[in-house]
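Let the sequences and hints guide you as you build the complete structure.
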Amino acid sequence: MIEKKICMVGAFAVGKTSLVRRFVTSCFSEQYQTTIGVTVDKKSVTVDGAAVTFVLWDLYGEDQFQKLRPSYLRGSSGYVLVLDGMRRATLDIAVQIQHTVTETLGPVPFVVIINKVDRQTDWEITDQDLAQLAQRGWTLLMGSAKTGQGVEDAFTTLARAMLLTPEASHRSGEAYGS
Amino acid sequence: MAHPPKEMTPAGEDGYDELRSLLLAPEQSRLEHLQAQVEHLDLNARNLNRVLPEAIALRGARDERLTHALTPHVSEALALSVRKRPHMIVDAIAPIMMPAIRQAIANALRSMVQSLNQTIEHSLSIRSLRWRVEALRTGKPFAEIVLVHTLCYRVEQVFLIHSHSGLLLAHVAGDSIAVQDQTLVSGMLTAIRSFVQDSFGTTPGQALNTLQVGDLNVWIEQGESAILAAVIRGIPPETFHVHLQDTLTRIHAERSEALTSFAGDATAFTDVTPLLEDCLRSQFETRRGALAPMTWVLLAALLLATGWWGLSVYQERRQWQAYLDRLTSEPGLVVTSTHSEGDRYRLTGLRDPLAADPAVILQDSGLAPSRVESRWSPYYALDTAFLLKRAKTVLAPPEAVRLTLEGARLTATGTAAADWIRQSRPLARLIPGIDEYDDRRIVDQSLGDLAHRIMDIRILFELGGAAPLTSEQLLEVRRLADLFRQLDEWARLSSTPATVQIIGQTDAIGRLKQNRRLSEIRAQSVLEAIHPAAFPMITFHAHGIGPASEPHQDLVTPVQTHDRRVSVQVTLTPAP
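Residue numbers (our numbering), protein chains in the order written: chain A, 1 to 178; chain B, 1 to 576.
Certain hints may be false.
Facing chain A, a subset of chain B residues (Cβ under 7 angstroms, in silico) [what the hints assert, rightly or not]:
(1) SER165
(2) GLN182
(3) LEU184
(4) ALA191
In short, the hints are calculated from the structure, not lab data. Backbone N, C-alpha and C fix where the C-beta goes; we use that ideal spot for every residue, glycine too.
In structure tokens, the structure reads:
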């Protein structure tokens with residue numbers, strides 16, 4: 001059984017913990033609980049016949065008061081960058097975070113989930129924004145922790161990308177995903 | 001297709017072959033090809049067993065379709081085989097299962113023996129009773145309570161963690177240890193270390209090396225590519241750090257390449273499990289076989305002190321008992337209750353005022369007087385010795401009086417003054433234990449003595465003298481009156497009236513008639529001088545008897561001066 005460390009990163013309150021809970025336990029809670037530090041969880045999946053265990057590091061959301069600690073990112077084989085479609089500001093933060101993570105880990109695989117697709121009518125992030133992100137080469141997925149839409153796909157996509165990418169290539173700085 | 005002729009010449013045969021090849025070349029070629037295919041198929045069918053393993057291996061390497069295709073058939077075949085020929089399966093798996101079963105049984109027995117030993121060891125001590133109470137109070141099994149209290153330390157789990165990613169490389173846990181998800185523990189442990197290092201560490205070398213939660217300690221050894229974390233209940237010796245470091249160093253040396261190229265597959269580290277299991281150490285509290293010299297000294301001192309104290313207590317008890325025995329045997333002392341409070345003794349009792357002093361007895365007993373508190377209440381003892389002693393004390397008899405006791409009857413003998421007799425009678429009746437007081441013998445003797453003293457007195461007269469009495473005669477009469485006063489008093493005490501005969505006498509000179517007359521006058525003179533009315537208990541009679549001796553005609557009788565006298569005869573008449 002192969003284990004892979006995956007970090008959940010994004011601005012605060014974008015739904016990282018909810019996505020993890022949805023992915024791991026298929027549950028969702030309307031009650032918001034902020035993550036302090038980091039919470040570690042895991043889930044085993046089979047992707048293209050290969051069994052892999054995700055060790056999910058759900059990091060606290062970055063805001064103006066607390067920045068992402070690079071030490072938490074070390075050793076990650078990939079990461080999930082989460083945005084809140086209803087808050088345009090989370091996109092800018094996501095860009096900064098992606099830059100930070102890339103500086104720390106190198107070009108490891110990642111996927112971008114624009115969360116809360118179940119309330120897409122209230123989104124502040126526009127199609128134009130999404131198009132610009134896509135131009136960066138980011139893998140964008142619409143998802144909802146509340147309904148579960150796109151969650152499995154996001155992690156499967158990331159797993160597939162990680163399994164296809166030799167670990168050594170991460171260290172060599174080979175470009176991937178951006 | 002045309003049929004060949006039955007007989008042909010060689011030239012004809014060659015021509016025929018040539019003609020056939022010209023006419024049927026395409027069909028011939030196709031026929032040979034088909035024949036070759038048929039022959040090839042025949043070869044594969046016969047020799048399939050030769051190529052089948054390689055074919056399966058090749059197919060299995062390509063994808064898992066073969067596995068998926070065979071799985072249900074293999075499972076069904078296995079189930080059918082187990083049902084039909086179970087002994088075959090047993091024979092097949094016995095070499096694998098038996099060592100595992102033996103190992104499991106050995107582990108269970110070892111745990112049971114260890115638990116049994118500890119239980120027996122702690123089943124009868126005071127400490128174990130305390131632990132049983134704790135087990136009842138907390139609801140935990142007694143064995144667990146014993147384990148907690150006797151355990152010096154026990155390494156319950158060991159994690160080998162990839163330091164870069166925090167992923168678990170290997171993990172071992174002791175028997176009967178509740179294990180959480182090792183992957184999550186490994187991840188959180190790494191996260192916590194990162195947090196601590198970011199928050200407090202100033203250099204990469206300064207990392208979290210120890211965690212403590214209750215009696216659980218987590219010792220963490222940091223290596224270049226991996227960290228070794230040991231979860232320990234209790235506090236192990238510091239040398240265990242060295243063992244952990246050695247283990248980690250060895251893993252780095254032996255698995256260097258695997259650590260460097262680790263990409264999430266921990267199967268490469270299964271062979272380090274024995275090294276980690278060697279870290280699952282434990283140490284229980286052991287009883288020392290031999291005591292330290294200082295312990296012996298302390299024990300000896302304690303024994304000596306206890307012995308000395310015991311001897312002191314024993315001796316003191318003996319002295320106390322001897323004191324009580326002495327008090328009990330002492331007349332006039334009655335011990336009613338005794339008890340001791342700590343090092344003090346208390347007693348209450350009754351004490352006759354004439355009894356021996358308990359304080360003096362206490363001094364003789366050897367006990368410290370300050371440790372004995374006595375309370376004596378006065379009482380009168382009725383022992384013969386005490387009655388007599390009390391009678392002597394109360395009556396204070398003169399030396400001539402002797403007191404004797406017969407039962408409750410006190411008898412006084414000897415002689416005593418009438419005043420003492422008079423005072424002693426009411427006192428004697430008040431003495432406890434004396435029912436009867438008898439002093440008659442004293443009275444009788446005193447009366448007799450007094451009578452003799454009275455009868456020894458003679459009042460002498462001059463020749464022919466009778467009255468009035470001379471001064472010398474009056475002195476004698478006064479002396480006689482004093483004795484009569486005593487006689488009267490004794491007579492009253494004894495209720496014994498006395499009769500006094502005052503007898504006048506003369507000498508032999510003169511005529512008898514005159515002498516009788518003279519003697520009468522002399523007796524009457526004395527009687528009158530005595531004043532008999534002053535002595536109511538005495539009856540006086542005075543009479544003269546003439547010459548004290550009869551005159552002899554033939555001899556000249558010498559005149560005796562003491563014949564001219566008055567003498568007294570006393571007669572006591574006891575009351576009926």
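If you test the structure against every hint from before, which numbers come out violated?
2
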